[in-house]
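**Q** Sequence:
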Amino acid sequence: MNYNVNEKGYYGEFGGAFIPEMLYPNVEELRQNYLKVMAEPDFQNEFNQLLKDYVGRPSPLYFAKRLSEKYNTKIYLKREDLNHTGAHKINNTIGQILMAKRLGKTRIIAETGAGQHGVATATVCALMGLECIVYMGEIDIARQAPNVARMKMLGAKVVPALSGSRTLKDATNEAIRDWINNPVNTHYIIGSAIGPHPYPDMVTRFQAVISEEIKWQLKEQEGRENPDYVAACIGGGSNAAGTYYHFLHEDNVKIIAVEAAGLGVDSGESAATSVLGKEGIIHGCKTLLMQTNDGQITEPYSISAGLDYPGVGPMHAHLCKTGRAEFMSITDDEAMKAGLELCELEGIIPAIESSHALAIFSQKEFKPDDVVVMSLSGRGDKDLQNYIDYFKI
Numbered sequence: 001m002n003y004n005v006n007e008k009g010y011y012g013e014f015g016g017a018f019i020p021e022m023l024y025p026n027v028e029e030l031r032q033n034y035l036k037v038m039a040e041p042d043f044q045n046e047f048n049q050l051l052k053d054y055v056g057r058p059s060p061l062y063f064a065k066r067l068s069e070k071y072n073t074k075i076y077l078k079r080e081d082l083n084h085t086g087a088h089k090i091n092n093t094i095g096q097i098l099m100a101k102r103l104g105k106t107r108i109i110a111e112t113g114a115g116q117h118g119v120a121t122a123t124v125c126a127l128m129g130l131e132c133i134v135y136m137g138e139i140d141i142a143r144q145a146p147n148v149a150r151m152k153m154l155g156a157k158v159v160p161a162l163s164g165s166r167t168l169k170d171a172t173n174e175a176i177r178d179w180i181n182n183p184v185n186t187h188y189i190i191g192s193a194i195g196p197h198p199y200p201d202m203v204t205r206f207q208a209v210i211s212e213e214i215k216w217q218l219k220e221q222e223g224r225e226n227p228d229y230v231a232a233c234i235g236g237g238s239n240a241a242g243t244y245y246h247f248l249h250e251d252n253v254k255i256i257a258v259e260a261a262g263l264g265v266d267s268g269e270s271a272a273t274s275v276l277g278k279e280g281i282i283h284g285c286k287t288l289l290m291q292t293n294d295g296q297i298t299e300p301y302s303i304s305a306g307l308d309y310p311g312v313g314p315m316h317a318h319l320c321k322t323g324r325a326e327f328m329s330i331t332d333d334e335a336m337k338a339g340l341e342l343c344e345l346e347g348i349i350p351a352i353e354s355s356h357a358l359a360i361f362s363q364k365e366f367k368p369d370d371v372v373v374m375s376l377s378g379r380g381d382k383d384l385q386n387y388i389d390y391f392k393i
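If you count the sequence shown from 1, position 127 lands on 127 in our numbering, and the numbers rise without skipping.
Treat the hints loosely; a few may be bogus.
[As the list claims (entries may be wrong)] Across the chosen pairs, the derived CB separations fall in these ranges:
#1 Ile297 <-> Glu69: 40 to 50 angstroms
#2 Glu69 <-> Gly323: 48 to 58 angstroms
#3 Asp42 <-> Gly347: 21 to 31 angstroms
#4 Asn45 <-> Glu365: 38 to 48 angstroms
#5 Lys157 <-> Gly323: 23 to 33 angstroms
#6 Lys70 <-> Leu263: 19 to 29 angstroms
#7 Gly323 <-> Glu138: 18 to 28 angstroms
#8 Leu263 <-> Asn33: 41 to 51 angstroms
#9 Gly104 <-> Lys157: 18 to 28 angstroms
#10 Lys65 <-> Trp216: 16 to 26 angstroms
#11 Ile297 <-> Trp216: 20 to 30 angstroms
Since the hints were derived computationally from the structure, they do not count as laboratory data.
Keep in mind the model is a prediction, meaning the values are calculated, not measured.
Even for Gly, the Cβ is constructed at its ideal location relative to N, Cα and C.
Just need the whole structure built from these sequences, with the hints factored in.
**A** Rendered as structure tokens:
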């Protein structure tokens with residue numbers, strides 16, 4: 001079984017490029033060039049240099065001693081929260097800004113929900129001196145004010161999406177509209193492993209630095225490259241895609257994908273796509289999607305602004321359908337408690353997205369000698385107000 005994208009842009013039955021004709025030249029230019037450009041030694045050198053000197057990679061693989069003792073297993077945290085800008089998002093935006101420059105683009109657009117991808121995009125645009133426009137739902141602008149301020153300080157223009165539910169899905173629609181209107185000079189930096197081919201594969205390859213580092217770091221610490229489990233939270237799924245990438249075809253490594261169940265899978269307030277989704281098309285690809293019987297996208301809900309996406313990337317849809325990955329759904333309450341537990345046991349305040357992944361230890365039994373590597377996808381600064389309100393701190 002192959003878990004990577006095929007030459008037609010599909011993972012099994014998921015993926016493809018379902019786009020308006022007006023976007024065909026943009027997407028086709030990217031498809032024809034992305035692998036060639038990424039293979040150029042100059043590109044590789046510049047990408048790796050920036051990851052090292054600017055982002056601060058490699059990020060540590062940290063053995064969480066007290067957490068491991070509590071759950072009687074070996075838990076390693078891949079510390080993506082320690083990257084510049086506070087999450088894994090920067091790995092991909094560095095790669096894509098270098099790609100955009102080599103394709104001669106002078107203007108960058110992006111969509112953002114929680115604001116982390118918007119901040120990472122604004123950061124690399126400032127670094128490279130390129131114009132940056134970030135689309136963000138009006139509701140998200142209100143609830144993620146610190147990140148909006150960061151983007152503006154970095155020189156980006158933040159444009160509110162005023163249609164629909166005024167959240168991530170609508171911001172993405174606005175960004176696509178902009179791209180159609182400015183096809184020649186504009187590159188759209190998609191922040192997740194979603195979108196028309198080649199985006200899911202390109203984003204995954206840039207994020208694959210995570211699993212590449214895990215292999216040699218685990219070899220140093222445990223004397224072996226492969227853990228028993230790799231786990232990550234999933235919204236669209238870029239941190240997860242990067243965490244799984246080098247283990248996809250290693251049969252002895254089990255994969256755990258953690259979704260946001262919101263108030264409960266059956267509550268009507270959830271974002272658990274693997275349980276609630278069926279095949280559909282969103283933002284240019286065929287994947288698993290939460291929708292009504294007549295195909296209207298249903299509104300996802302999660303306490304985490306980064307996991308409330310109604311779909312999941314096509315690679316993850318394929319991992320789910322084939323059974324290669326075990327999907328677990330974690331409620332708001334379980335995630336918040338797991339986040340607070342990490343604070344108290346390890347002195348690390350995680351993003352609420354990452355807290356969902358941490359909650360699996362209270363739900364699933366691991367053996368004492370199992371090595372479980374978990375992507376700590378982001379830090380909790382942006383979520384402090386949520387934690388304060390939730391626990392009445």
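**Q** Against each hint, give a clear statement of whether it holds in the structure.
**A** Hint check:
About 44 angstroms separates the C-beta atoms of Ile297 and Glu69, a value consistent with the hinted range of 40 to 50 angstroms. Separation of Glu69 from Gly323 is about 32 angstroms and departs from the stated range, judged on CB atoms against 48 to 58 angstroms. The beta-carbon spacing between Asp42 and Gly347, approximately 41 angstroms, falls outside the hinted interval of 21 to 31 angstroms. With their beta carbons about 45 angstroms apart, Asn45 and Glu365 fall inside the hinted range of 38 to 48 angstroms.
One distance hint, 23 to 33 angstroms for the beta-carbon pair Lys157 and Gly323, is violated here, with the actual separation near 44 angstroms. Distance hint check: the CB atoms of Lys70 and Leu263 are about 26 angstroms apart, consistent with the given range 19 to 29 angstroms. Judged by the Cβ atoms, the range 18 to 28 angstroms given for Gly323 and Glu138 is violated: they are separated by roughly 40 angstroms. Between Leu263 and Asn33, the C-beta spacing of about 44 angstroms keeps the proposed range 41 to 51 angstroms intact.
For the hinted restraint 18 to 28 angstroms between Gly104 and Lys157, the CB-CB distance of approximately 21 angstroms keeps it satisfied. One distance hint, 16 to 26 angstroms for the beta-carbon pair Lys65 and Trp216, holds here, with the actual separation near 21 angstroms. Restraint check, Ile297 to Trp216: a C-beta distance of roughly 41 angstroms breaks the suggested window 20 to 30 angstroms.
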